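Engineer: Numbering (numbering that gives the first Met the number 0), first residue to last: 0 to 457.
Among the hints, erroneous ones may be present.
Claimed, not checked - Here are the simulated distance ranges between beta carbons: (1) K359 x Q148: 57 to 65 Å; (2) Q148 x D64: 22 to 30 Å; (3) T429 x G386: 32 to 40 Å; (4) T365 x Q295: 27 to 35 Å; (5) D276 x E417: 22 to 30 Å; (6) E205 x G62: 47 to 55 Å; (7) A126 x L204: 42 to 50 Å; (8) A126 x G232: 37 to 45 Å; (9) N76 x T390: 44 to 52 Å; (10) E221 x Q144: 17 to 25 Å.
Worth flagging that the hints you see were computed from the coordinates, not collected in a lab.
Given the structure is predicted, the values throughout are model-derived calculations rather than measurements.
By construction, the Cβ of each residue, glycine as well, lies at the ideal position given by its N, Cα and C atoms.
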Amino acid sequence: MDRTRWFWTSLFLVGGALFTLVAVPVVGQQQAQSDQPERQGEFQPLLQKASHLIGLKVQNPAGEDLGRIDDLVLSANEDRVSYAVLARGGFLGIGDKYFAIPWSALTMSAANDAMVLDVEKDRLKAAPGFNKDNWPNMGDPRWSQGVHQFYQEESQQYRENQPTNGDVSAEAETADQPGQRTTVAKDKMEFRRLSKVIGTEVKNLEGVSLGDVENVVIDMHEGRLVYAILSWGGILGIGEELAAAPWSALEARPRLDTFRLDVTKNSLKSIAYNEGDAPDLSNPAYARRIHSHFDQEPYWQVFGYVEGDGTLSSEPWLPGSTYNENFDPEQIQTIRGTIQSVGTFRPDTNALPGLRLRVKTTDGGTVTVYAGPEAYAHRQGIEFYYGDRVTVKGSSTKVNGRSVLMAGQIQKGDQTLELRSPTGEPKWTTEDLRAVPARERQAQREAQKQHPQKDANK
0 MDRTRWFWTS LFLVGGALFT LVAVPVVGQQ QAQSDQPERQ GEFQPLLQKA
50 SHLIGLKVQN PAGEDLGRID DLVLSANEDR VSYAVLARGG FLGIGDKYFA
100 IPWSALTMSA ANDAMVLDVE KDRLKAAPGF NKDNWPNMGD PRWSQGVHQF
150 YQEESQQYRE NQPTNGDVSA EAETADQPGQ RTTVAKDKME FRRLSKVIGT
200 EVKNLEGVSL GDVENVVIDM HEGRLVYAIL SWGGILGIGE ELAAAPWSAL
250 EARPRLDTFR LDVTKNSLKS IAYNEGDAPD LSNPAYARRI HSHFDQEPYW
300 QVFGYVEGDG TLSSEPWLPG STYNENFDPE QIQTIRGTIQ SVGTFRPDTN
350 ALPGLRLRVK TTDGGTVTVY AGPEAYAHRQ GIEFYYGDRV TVKGSSTKVN
400 GRSVLMAGQI QKGDQTLELR SPTGEPKWTT EDLRAVPARE RQAQREAQKQ
450 HPQKDANK
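Please put together the full structure from these sequences, using the hints given.
Structural biologist: Here it is, written out as structure tokens:
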């Protein structure tokens with residue numbers, strides 16, 4: 000999404016003419032910061048898109064309207080949200096007064112339609128504020144301390160917002176060039192505003208454009224940036240392809256107004272999806288897969304969280320389930336083609352993820368293939384990638400109103416993934432539904448790199 004479209008989207012939000020809920024699927028409906036996991040450090044993500052948060056109304060516990068979120072400001076390390084910028088007063092964004100609210104002072108409402116700030120409306124008039132054209136230096140410790148003291152937040156919060164040695168070095172590199180030091184600092188501050196990040200171009204190490212930052216996904220518990228949603232193709236947002244990349248995999252390049260991501264275009268396409276087929280980013284299995292794709296350690300491990308027990312069910316995959324009854328042995332079809340993307344799907348709410356392939360057939364059509372439980376495919380030692388040539392035999396049917404091919408067999412070179420009997424009975428057992436350990440998955444990937452057929456398909 001380019002910045003022109005982002006501007007008009009923001010304008011509609013400000014004017015109240017359009018409001019669309021675009022929350023990422025989450026685990027539960029717990030509040031942003033107030034409800035802590037049952038076990039200290041347990042991984043229970045509560046994810047929201049920046050596009051949902053920017054423009055969201057803010058109210059106090061009494062229900063009084065305090066304004067709306069105009070922007071989100073990142074920490075100096077650009078890995079979490081430090082402040083939400085509250086705008087109030089004015090008309091259609093004109094004449095607004097702005098206030099930087101510490102992220103830790105905000106919670107999400109139970110209805111997911113507002114942020115809640117525990118401050119009386121009249122008292123907010125005395126809060127440190129600024130106007131649209133005169134933003135404060137948010138790296139100034141005195142300014143940060145004043146803001147946090149007003150909202151009675153811990154001093155540790157504002158200290159985390161101070162520049163690291165790396166930030167200081169970035170400015171020092173150009174200290175001997177007249178006028179450059181201030182420019183670098185200003186550029187970097189611009190990249191700390193999420194409204195400026197959205198729409199920024201992303202390139203790989205070879206300088207090839209991968210698309211733009213369509214959105215940013217935030218874990219509401221501590222304001223950590225988890226994913227960047229990249230988009231490319233389409234016209235005015237119609238027909239775009241999307242892909243999620245771990246935020247930690249992106250490198251900001253403020254002076255070039257770009258991000259850099261170490262991935263090829265084809266590799267990115269292999270995890271692409273369409274707007275109507277968005278994956279559940281809060282699903283730990285999918286999250287692990289995406290982080291592994293970009294050779295990143297899952298953020299909940301980096302920050303010491305313990306993965307929760309989860310509530311994902313194997314029932315929809317068992318013989319006789321509603322999902323498996325969709326397999327019609329009278330509608331068997333065989334297709335041949337090339338994989339365009341690899342993703343996941345869930346046959347039912349809270350079900351263990353399944354493997355989804357999007358295949359461009361030899362006659363030019365595109366078929367969505369449901370290839371059984373994701374864990375089962377991994378346990379057979381078969382991995383699928385963008386560009387792989389495959390032959391799929393299965394039942395042409397509808398699942399939850401969507402036309403799909405429920406695969407019974409998938410061939411890739413000299414490898415065959417047997418999924419079902421000719422009448423549709425699953426080949427997998429309950430034991431096969433257990434997730435494959437990360438170390439074992441890595442060993443499988445390394446082995447496939449040496450596979451002649453895999454090399455031929457790249």
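Engineer: Using the C-beta atoms of T429 and G386, is the stated range 32 to 40 Å upheld?
Structural biologist: At roughly 33 Å between Cβ atoms, G386 and T429 fall inside 32 to 40 Å, so the hint holds.
Engineer: Is the gap between the beta carbons of Q148 and D64 within 22 to 30 Å?
Structural biologist: 25 Å Cβ-Cβ, so the 22 to 30 Å window holds.
Engineer: Taking the Cβ atom of D276 and the Cβ atom of E417, is their distance within the range 22 to 30 Å?
Structural biologist: 26 Å, holds
Engineer: Using the C-beta atoms of K359 and Q148, is the stated range 57 to 65 Å upheld?
Structural biologist: Check passed, 59 Å falls within 57 to 65 Å.
Engineer: Has the hinted range 44 to 52 Å been met by the Cβ atoms of N76 and T390?
Structural biologist: 48 Å, holds
Engineer: Taking 47 to 55 Å as the hint, is the beta-carbon distance of E205 and G62 inside that range?
Structural biologist: 53 Å, holds
Engineer: Okay, T365 versus Q295 on CB: inside 27 to 35 Å?
Structural biologist: 29 Å, holds
Engineer: State, for the Cβ atoms of E221 and Q144, whether the hinted interval 17 to 25 Å holds or is violated.
Structural biologist: Holds, at about 20 Å.
Engineer: Return holds or violated for the Cβ distance of A126 and G232 against the range 37 to 45 Å.
Structural biologist: With Cβ atoms ~44 Å apart, the hint holds.
Engineer: Is it true that A126 and L204 lie within 42 to 50 Å of each other by Cβ?
Structural biologist: Distance hint for A126, L204 holds at roughly 44 Å.
In this structure, none of the earlier numbered hints is contradicted; all agree with it.
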